[in-house]
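Asker: The lines below spell out each chain.
Number of protein chains: 2
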Amino acid sequence: MPRVLHDLACIDDRRPSPYCWRSKYALAHKGLEFEARPTGFGDIPRLHGGGHKTVPILDDDGRVVPDSWAIADYLDHTYPDRPPLFAGPNERALCRFTEAWLFGALAPLLVPMLALDIHDHARPEDRAYYRESREQRLGRSLEAAAAGREERLEAVRAALNPLRLTLTVQGQRFISGEHPGYADYIAAGFLMWAASVTTLPLLERDDPVVAWFERVRDLHGGLGRSAPMYAIAV
Amino acid sequence: MPRVLHDLACIDDRRPSPYCWRSKYALAHKGLEFEARPTGFGDIPRLHGGGHKTVPILDDDGRVVPDSWAIADYLDHTYPDRPPLFAGPNERALCRFTEAWLFGALAPLLVPMLALDIHDHARPEDRAYYRESREQRLGRSLEAAAAGREERLEAVRAALNPLRLTLTVQGQRFISGEHPGYADYIAAGFLMWAASVTTLPLLERDDPVVAWFERVRDLHGGLGRSAPMYAIAV
Chain A
1 MPRVLHDLAC
11 IDDRRPSPYC
21 WRSKYALAHK
31 GLEFEARPTG
41 FGDIPRLHGG
51 GHKTVPILDD
61 DGRVVPDSWA
71 IADYLDHTYP
81 DRPPLFAGPN
91 ERALCRFTEA
101 WLFGALAPLL
111 VPMLALDIHD
121 HARPEDRAYY
131 RESREQRLGR
141 SLEAAAAGRE
151 ERLEAVRAAL
161 NPLRLTLTVQ
171 GQRFISGEHP
181 GYADYIAAGF
191 LMWAASVTTL
201 PLLERDDPVV
211 AWFERVRDLH
221 GGLGRSAPMY
231 AIAV
Chain B
1 MPRVLHDLAC
11 IDDRRPSPYC
21 WRSKYALAHK
31 GLEFEARPTG
41 FGDIPRLHGG
51 GHKTVPILDD
61 DGRVVPDSWA
71 IADYLDHTYP
81 DRPPLFAGPN
91 ERALCRFTEA
101 WLFGALAPLL
111 VPMLALDIHD
121 HARPEDRAYY
131 RESREQRLGR
141 SLEAAAAGRE
151 ERLEAVRAAL
161 NPLRLTLTVQ
171 GQRFISGEHP
181 GYADYIAAGF
191 LMWAASVTTL
201 PLLERDDPVV
211 AWFERVRDLH
221 GGLGRSAPMY
231 AIAV
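If you're matching them up, the sequences are chains A and B in order.
When the first sequence is numbered by UniProt numbering, its final residue is 234 and no position is left out of the sequence of numbers.
When the second sequence is numbered by UniProt numbering, its final residue is 234 and no position is left out of the sequence of numbers.
Just so you know, the hints here were simulated from the structure itself, not pulled from any lab data.
One or more of the hints may lead you astray.
To be verified - Facing chain A, according to a computed beta carbon distance under 7 Å, are these residues of chain B, among others:
#	residue
1	G88
2	E91
3	R96
4	G181
Glycine included, each C-beta is placed from N, C-alpha and C at the ideal position.
My request is simple: use the sequences and hints to build the entire structure.
Answerer: Here it is, written out as structure tokens:
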């Protein structure tokens, strides 16, 4: 039985889920082959007996593991002879802090800006549900949330300052240091979510964040180029 | 010869340097006794043959190590039988990212808000230099930089969201996980800098960040209570 990662898919075979991206990178980091099987929102309740609401779900030769953090822990536990995702509990905790930075500082800006683009890239049968649930959460229409979003680009770019300083003043090639690690997969996966759907380029071409993003996309045989994305920079 | 950390001191024996705080915590984390010797700005050029512009400077029985990162690396290298500050290069790199988050997201807000308070707590002989150099950097008077700073509290609190999410949604006791680590010392040391001088309480009393800050202050025999600070919360 092959190793399968159920991977959220939109139209045009775009793969927007930041959680799926980090799990694909986790598998590649450990040198484990897998199929990233396209999964629509509506497919999820039918997977592995139902009861799951989100992907990624890993099916590792019959062992079913949902949730990106559980998948990472499962991989380190099950394949201890492969390169570790976490050298110890502190690295894991600091990777969670990296995730909290993205969801605390970037997501509040980007989610309203991109919600309409996400809708427009969802499979047709998913759009009504997506619009209704997100408009309720945002408290306004997707169109209203996106209006004037160009004026919010400066704030998005400023919110990336911590990553930018890590790459410039601190001179690191990756968030994890000289070599890429799970923190990079979390952060790049988050930008891959944006790049999968954004019809507005978010960054400036000469931004060191862009060079880092392209470095991560190149890793593991160009994994980050295995699905279509828009240009992240103008 | 005793182990001495040259530690920036202001009036009232306040110890504002975030870099000194993390080095004091690093020494305590490794269980190494030391004297945190009070040092004025003007004392620094006279230390250890001159040539140093900043503290901390560690004098470990005659081995002189300047710079907080060099001190951390020196301690892990010299005392490998003691608890490590960095379990490996990835943890060190992620601690640098934590620092970049503070300096990229918090410092731009807090430095103008606190510059006048810092001035007022500097030793009298240091104030003229401090005012001139900081007003040049800020492009305005210290008083102008601080004006209306109450209105900027909301942005300061929002900028702490990544730490707050780590403690709440992610359920970690410390940034480094179940146990405190160097990332906590960096972040708490940064807030100790603020608390050493701020005459305006910055956070709300029930903020989980405050509970974490007080937890870190309690560590290592109450190290974070060994110098006077203002209340960080109203």
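Asker: A separate judgement is required for each hint: does it hold in the structure or not?
Answerer: Going down the list of hints, with the structure as the test:
no.: 1; hint: G88; in the structure: 4 Å, holds
no.: 2; hint: E91; in the structure: 5 Å, holds
no.: 3; hint: R96; in the structure: 5 Å, holds
no.: 4; hint: G181; in the structure: 5 Å, holds
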